[in-house]
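Q: For reference, the chains in residue letters:
Number of protein chains: 2
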Amino acid sequence: MDEEVCRMTELSKELQDSAASLISRSCNEEASLRQRALSLHTSISNLRSSISSSLKKGNLHPQHALKLEEELGRARYLLTQGDAAAFLPTKSHGRFLRMFIGPLNVRATRKDVQLKVKEEYNSFRDRTALLFLVFPLLLLGLRSWTWDGCLPALPVQLYQAWLLFLYTGLALRENILRVNGSDIRPWWIYHHYCAMAMALISMTWEIEKQPDCSQKQKGVQLFLYWAIMQGVAMLLQNRYQRQRLYTRIALGKAQRMDVVWGETSGVDGQLWLLCPILFILQGFEAYVGVLLLQTALVGVVSEWQVITCGILLIVMAAGNFVNTVQTLLTKSRF
Amino acid sequence: MDEEVCRMTELSKELQDSAASLISRSCNEEASLRQRALSLHTSISNLRSSISSSLKKGNLHPQHALKLEEELGRARYLLTQGDAAAFLPTKSHGRFLRMFIGPLNVRATRKDVQLKVKEEYNSFRDRTALLFLVFPLLLLGLRSWTWDGCLPALPVQLYQAWLLFLYTGLALRENILRVNGSDIRPWWIYHHYCAMAMALISMTWEIEKQPDCSQKQKGVQLFLYWAIMQGVAMLLQNRYQRQRLYTRIALGKAQRMDVVWGETSGVDGQLWLLCPILFILQGFEAYVGVLLLQTALVGVVSEWQVITCGILLIVMAAGNFVNTVQTLLTKSRF
Ligand SMILES: CC(C)(COP(=O)(O)OP(=O)(O)OC[C@H]1O[C@@H](n2cnc3c(N)ncnc32)[C@H](O)[C@@H]1OP(=O)(O)O)[C@@H](O)C(=O)NCCC(=O)NCCS
Ligand SMILES: CC(C)(COP(=O)(O)OP(=O)(O)OC[C@H]1O[C@@H](n2cnc3c(N)ncnc32)[C@H](O)[C@@H]1OP(=O)(O)O)[C@@H](O)C(=O)NCCC(=O)NCCS
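One line per chain: the protein sequences are A and B, in this order.
Take the first sequence: its position 21, counting from 1, is numbered 22 in the working numbering, and each next residue is one higher.
Take the second sequence: its position 288, counting from 1, is numbered 289 in the working numbering, and each next residue is one higher.
None of these hints come from the bench; they were simulated from the model.
Treat each hint with caution, since some may be false.
Identical chains share a label here; the pair holds if one copy fits it or two copies do between them.
To be verified - No more than 20 Å apart at the CA atoms, straight line, and that leaves these computed lysine to aspartate or glutamate pairs for EDC-like: (1) 112 with 31; (2) 112 with 30; (3) 117 with 127; (4) 57 with 184; (5) 332 with 70; (6) 119 with 175.
All values reported here derive from a predicted model rather than from experimental measurement.
All chains should be modelled from the sequences, with the hints used to inform the complete structure.
A: In structure tokens form, the structure reads like this:
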């Protein structure tokens, strides 16, 4: 037994040494890769601008410049989308993420882990989009069948609390995806901050009781309509984005990273189908906002909550519209 | 220029290869370390139980057994607290963490990163503990000086929303610390879930307006008293735990991991000073809970929110008490 104990002590010392050496070795190697990646990244950018300035000065044939730029684009794509991308400087973590989880590094080095995080985000959205539809429909249904046109406070508030946590989770995950190299537009994250504010504010709404509740509950009802709409938009968007991701994973697995350059589509046709529906939903979102402002100004329910939510909805609708249009413009330029 | 572009392409391919090889190499080495760590961990546990069974059967001299156990303890300490600890199986991430940030790995491999996360957690708590004291004191002060004994709804609800986010952040960070090997008792995390529920529920409280508000606002007032108390408890606890951490960092830097075994104190004396104050605060917490239940039962404010918060406070006080006592018992056994 003495021997055994001795062996354990030996083994644990050995293990400690190997662990320490592995950690310090990979630290060093990572640091050197980081440096190489950064310097390559700047050289590529510099070369790019010198190509375009030579082109302007007429020192370079346009066709030749195009060829060079294409080749350079390929090198850049390999650098920013391949394994080396993990060693480029991170996008900063952002205040929101730091407030909730502190200074922890949330970047995954391995590509397959990054894809797993993204896949899980998509399936999280799928799961929640359904609940998004079911809860408010249930509330509105029960209101007309069982509750005599009057929503009781507790279920509505539970639903709003759920929304708050859901949006917080989405905003956190999207921040994490951004750090992991997603090109998500900042607006889609701000949009979720606005939605968090909506959920929080609507929780402090007084849900009026009898009599006359159907008049006074106009605000809550409109809020629920907005939620249903969000559910529909989310489901459509999920369908489209999941397919995009699958295409990408398939391409990644085929190890053709340096061949495929630029937007890899076949899915992009779908975007032109999706967008009209999104525009209608966004129009409806703004309309709900205006209705909220109306109920507040006509004086049926004149709480500040109703006014703020109305303004928030209009801002969100406008932002969504502008950003969807910009996305379309960017894509059609390819 | 052609040459330059060619070189960039070459360089980016090389970099991609080095990155891919580093990633796969460290993946493999990590996997092997993980296996070694796990098997050593089980062998140590097995040896430990066989020592104690031999001792029971009388095959081993008690003093000898003690010596063996001490040595084994040292090996175990090195394994679980040294660099190799990063390769032991993680504690599971828990539903709460997964709900908010998905399946991301939040364990830091390097010891200094882990300590940084912990330090940041402590300074986050320091910053918030002060606000914890200032906000409710301000609200209560303004109530008597400016607001004629009546709290307006908006500032109180803003404060409650802040509390909700704060507790969510604390709970997330503590879950992350746990994954990074902290020995934090699960109760302290549950305690923050309860506090989140309190903040959420209190947001839906109707804050009654004139007339007679000072009667009807009993519940809100008591809630603010509880918050002040929490601030005091947090400040005291922070002072104590920061010192503990500094001791540990100092020891870690001195690289004497395998010499120092067991609780490394000098700070532990402080615990016996801190605990009486904590017990008083916990008693006061339970008392506030009882007062809340009383206002609800006497009928001044009979909303379900008041009753639930009362019960939550009593549960939290009891849990805090039991866990503080258990901590003391564990420590005095050393
Ligand atoms: C317009 C839209 C379909 C474009 O999607 P897309 O083709 O994926 O857009 P991009 O190519 O610019 O995407 C870049 C990245 O941002 C992500 N992204 C785009 N829109 C996103 C959104 N609304 N939420 C989260 N992530 C989004 C993409 O997944 C992609 O991530 P990746 O780089 O990790 O692959 C999408 O932005 C959308 O559905 N927006 C409308 C949402 C809306 O208006 N909702 C409310 C209606 S009431
Ligand atoms: C009793 C108490 C001082 C003990 O602290 P301690 O000596 O650090 O306790 P332990 O040695 O068991 O700590 C183990 C780990 O849990 C952490 N921890 C202990 N109590 C914690 C708490 N309340 N919150 C967060 N982390 C805590 C420690 O930092 C330590 O982490 P580490 O392993 O990463 O170093 C502390 O738990 C405490 O202050 N609790 C009372 C809180 C309370 O009652 N508040 C409400 C009053 S109204």
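Q: Work down the list of hints and note, for each, if the structure agrees.
A: Results of checking the hints against the structure:
no. : hint         : verdict
1   : 112 with 31  : both (16 Å within a copy, 17 Å between copies)
2   : 112 with 30  : both (18 Å within a copy, 18 Å between copies)
3   : 117 with 127 : within (15 Å within a copy, 36 Å between copies)
4   : 57 with 184  : neither (30 Å within a copy, 64 Å between copies)
5   : 332 with 70  : within (19 Å within a copy, 67 Å between copies)
6   : 119 with 175 : within (9 Å within a copy, 24 Å between copies)
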